[in-house]
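Asker: Taken in sequence, the protein lines are chains Z and U. Take the first sequence: its letters are residues 1 to 504, numbered as in the numbering used here. Take the second sequence: its letters are residues 1 to 661, numbered as in the numbering used here.
I should point out that these hints are in silico values taken from the structure, not numbers from a laboratory. There's no promise every hint is true.
[To be verified] Subject to a maximum C-alpha distance of 27 Å in a straight line, what follows is the list of computed DSSO-like cross-link-like pairs (lysine-lysine):
no.	chain 1	residue 1	chain 2	residue 2
1	U	K125	Z	K308
2	Z	K467	U	K595
3	Z	K308	Z	K124
4	U	K472	Z	K310
5	Z	K172	Z	K124
[As the list claims (entries may be wrong)] These stretches of chain U come out as covered by chain Z in the derived footprint (C-beta under 8 Å, 3 or more residues):
no.	region
6	73–87
7	392–403
8	500–508
9	644–650
The C-beta atom is built at its ideal place from N, Cα and C for all residues, glycine as well.
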Amino acid sequence: MCFHDSITSCMLTLTWVLPLASAAVMMLFPKDRSGLIRWFTLTANGINLALIVLLSILFIMHPPVQTGGTQTVLAFSANHAWFPLLNIRYHIGVDAISLSLMFLAGVIVFCGTLASWQIRERTKEFFILLQILAAGVFGSFISFDLFTFFVFNELTLIPTYLLIVMFGSGRKEYAAMKLNLMLMGGSALILVGIFGLFFSSGIHSFDMLELSQIHFDRSFQLWAFPALFLGFGILGNIFPFHIWSPDGHSSAPTAISMFLAGVHMKLGSYGCLRIAMYLLPEGCRPWMNVFLVLAVAGVIWGAFVAIKQKDLKYMNAYSSVSHCGLVFLGLAALNSIGLRGAVMQMLAHGFIAPAVFCIIGMIYTRTHTRLIPQMSGLMASMPFLSVCFVLAGFAALGLPGMAGFAAELNIFMGAFGSSSLAKVGAGLAVLSIIITAVYILRGVNAVLHGPALEGSHQLGDATFAEKVPLVMLLSCILVLGLYPGPISTLLDHAIQPILNNLNR
Amino acid sequence: MDSMTTLASYGVLILPLLSFLLTGLWLGRKNWIASACTATFLMGLTFVLAVILALGYRTQILLHPELYPSATSVAWEHSWMTFGPGLAAHIGFYLDPISVMMVVVISFISFLVHFYSIGYMKGDKSAGRFFPLLSFFSFSMLGLVVSTNLIQTFFFWELVGAASYLLIGFWYTKPSAVAASKKAFIVTRFADAFFLMGMLVVGTQSGGFDFLHVNDPAAAVILNRSVGTGMFAFNLLSVSTVLIYLGAWGKSAMFPLHVWLPDAMEGPTPVSSLIHSATMVVAGIYLTARLFPLFAAAEGTLRVVEFTGAFTALFAALIACTQTDLKRILAFSTLSQLGLMMLSLGLGGSSEGGAVQTLAYTASMFHVFTHAFFKSLLFLSAGIVIHAIHSNDIRDAGGMRKSLSWTYAATLIACLAIAGIWPFSGFFSKEEILQSALKGGHYIALAAGLLTSVLTAFYMSRYFILIFHGTKRSHASEHGHDAHEGILMVLPVLILAVPSALIGWLGKDFFLAHILPYTAGASAAGISESHESGSFSWLVPVTSILIMSAIGAGWYFYGRKKWSAGFSEGQEPGWYRVLRNKFYVDEFYGFLVRKVAARFVATPANWTERKIINGAFDETSGVFRRLAIRLCKFQNGQVQVYLSVALLGLYALYWIGRMVH
């Protein structure tokens, strides 16, 4: 280590303190200084992203050596007593899975800030809430104490509600309430599971790494696993509990749609892997077939429903249902290729869906519509945005060279190398790439191609502030797709303890 | 491999990519001429490197069978992603006779098409967008043919599809072009899903994706087993190879997945030329040839290949006789020729064994080779005709012989080549295909091949005579002149005329000596022997006479009796209408997609999503809301109600307490 451990763990803590502190500072700003507020948020998030990049570089230079056991070895870890009475600890650290998701979150938050540049009303409230949301997510990804994890996770819900109600469009009250009710329902299940783990462990601990060494009673595992997996699965967009997401995404402002699809959902699938599957391996095996069926159903269902959508945001939201289904398919493969594919798909979808939402938002600010039939021939008036849309569309339909393909390839391969049910599921899921092509090309062709609309030449192309997030997101998609070797190796190491625990 | 050859092999891939990046990100937006010249120059350089590579390959590998018994080598390989022990994906450069042959052909034709496009795109305001895409298309195809493993093949396979989507829909304001691009992508994507599935089965079950591994007889032995039970029992090898073949089926536009190809001519003509000759459609043939040893080991797979090929060849040739759109006629002729190539590959499933297998395989690759030249020539010259008459319709052409004299001569050569007249290139390759069908005892395939040849000769003479002979039928055709089109467009056509005429005669011996699948039991001696005995069979004069008479018939009807291209309104017989409407396959798909898939799958799914799944949530929350409204009634501000409820509660508590005790 070239840095002292305590410095790096402080840096890790800083990733959630910084957004929260910036929110606190912004409360003191006069509310009419919206320019200042925007730049302040952007700076804070830029520093935070730089911090994460620095941590990633340190991580790649000295990756923690997994011992081959069942306990994950963390980098940059710190472990302090927080609430000793209940043995709640502030235990943080990262492995390759959580760090790559941290990087994803950092990029999305930064890009989301830029995508919200045109917000003119109640700017202060918007950015304060955004920063609290970000703090919750960063905190969750680094927490290895179940209780801390849960607290951070809950921190994200209320700002999401307020942001949708205050800054959203369409049926925003309904959508925000639906989103919150569903996610709260998920949280209730998670809470039950967490307390179950706490009391059944016999050591009264919330610490994930300690709990991973406990051999839980089989009957306990059989009821706690579905509670936890489903609780996180709701957040992770599992069929048929995905219904909060299309309404939520579509009513939310651009940055929040990006955040929900890119980061928040990943928290759900991350919880499924890190908590439900890692801690309850014996409950996992019998239940996984059920979730496998749900996953494949989601993959195909989402794609078919996406074909019928007229609203671009709804189309992308259902596309997310389909792509998140692939994450669960990868998890259900229960082998290293599948699990790795699931994490890569979290990253891939985490970059692709926000890129599409970002572009849709930018098109909306120009055309004031998101309805596919009302648009045509935008390529002529906004070439840059159109090229980005085509690229993001290609990424979403799994074109090789883009992140989606690298992930899907792993998921399908993992599932083909697994149980016979998984093989059948994979066979069906592969067919979804046809339907995906249909709805993506339908959207792209109808919006960008065809004769240009009257007066559309005045609409204007992307501004510099809009180009930055698009270029960033597309670069991430391309790098992950063209050169997935290094990250897949890193992920392999991080997955090994989880897999060892599953095979115990 | 010396360093020169290795460098050339890198360059062959890097230069087109560089051309794409350079012209796409930088030059194309400002100055289309600069971007056109850069792209053309870099493609020219790619061709030079391809030749260097081919020469290096010949001197160092091909002529040293003692070192390289199967004439196969991997120039370089870089890891892309590792999945598990043995399971890895690489990006590499595979050297064997067919990959080197394809690299030379693709870079040559792509260079000429780039060159031609400078003239063709002149005056088009989106020309700056054209060249990067064209280079990307060539890059993807080059990457595909040099693949060392299935994943790399699939990788570039999809890129070829994406590039063709962008190029077919190049004129994006034209609704027909947009529809055609979408159709091309989705139809091929449909096939690709099965390819992906088959590839994953083969890779995961045999333990590797490398062609050297997969084509090894040992892999076929591992795969050759029965899986599943009862009704669902199937042979893994046959099923997985047919799944992979389905990918080739779509890309090479075999019936009934052929529908995208005729529509693909909505793109600019240089693109059609590239799609139809060296890139895209040949990919499917190439994949089948690449996996030939695996396919040949599978029970029944090559029969499927043979029959799809034979059917498509005949089916498309029949349709081609009735079309009136210049490019559409050529598109159906491509379908028909692709059918012949597939058919020939399928003949390898013969019980005769090694000799016929290799002859048929060689014939197919030879036909890919010769077809590339004369088909790109036909499209490029059609582009000149279209520019001259400002129409795609053959009924607007006519009598262009004088004004387009250079194009006339070049097209004549190409027509004779595709019809299969000695000594033009098509004669040799087509003759070999028919020979191997005869030798293998595949009489159905032989009949289909013969009939296709006759029909080809007929519709090509119809095409040729209606364009260049007779009287001028439209105002625009009065003024067209190939000198007006400039040397940029005519020169590539003239250059292509040389190989179209001669390459069959020159290349025949080379192909017979060197293009062979590395299957067990196939030896170079066996092939030349079979060829020697075959070349004097009765088939050659018979075919030649049939073809000559078909050309004669074409000349008689369209030249002498001056038939027009179609029937006039109301006089069309029913069978002709069926042919002209391409057997209504497009209409059938339209029905399937709009009426069946949309109405019975997507719409009900959407309804269920809204009414049932979301409805369940709304209902549940509605129950709670109504319950809450009921409970609110107690909170009405009246002290009497509060007091009575409180007393009731106290009484209830008392009772509960007693029961617990």
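Asker: Compare the structure with each hint and give your call.
Answerer: Consistency of the hints with the structure:
{"no.": "1", "hint": "U:K125 <-> Z:K308", "verdict": "35 Å, violated"}
{"no.": "2", "hint": "Z:K467 <-> U:K595", "verdict": "41 Å, violated"}
{"no.": "3", "hint": "Z:K308 <-> Z:K124", "verdict": "38 Å, violated"}
{"no.": "4", "hint": "U:K472 <-> Z:K310", "verdict": "50 Å, violated"}
{"no.": "5", "hint": "Z:K172 <-> Z:K124", "verdict": "20 Å, holds"}
{"no.": "6", "hint": "73–87", "verdict": "holds (count 7)"}
{"no.": "7", "hint": "392–403", "verdict": "violated (count 0)"}
{"no.": "8", "hint": "500–508", "verdict": "violated (count 0)"}
{"no.": "9", "hint": "644–650", "verdict": "violated (count 0)"}
Hints 1, 2, 3, 4, 7, 8, 9 from the earlier list are contradicted by this structure; the remaining hints agree with it.
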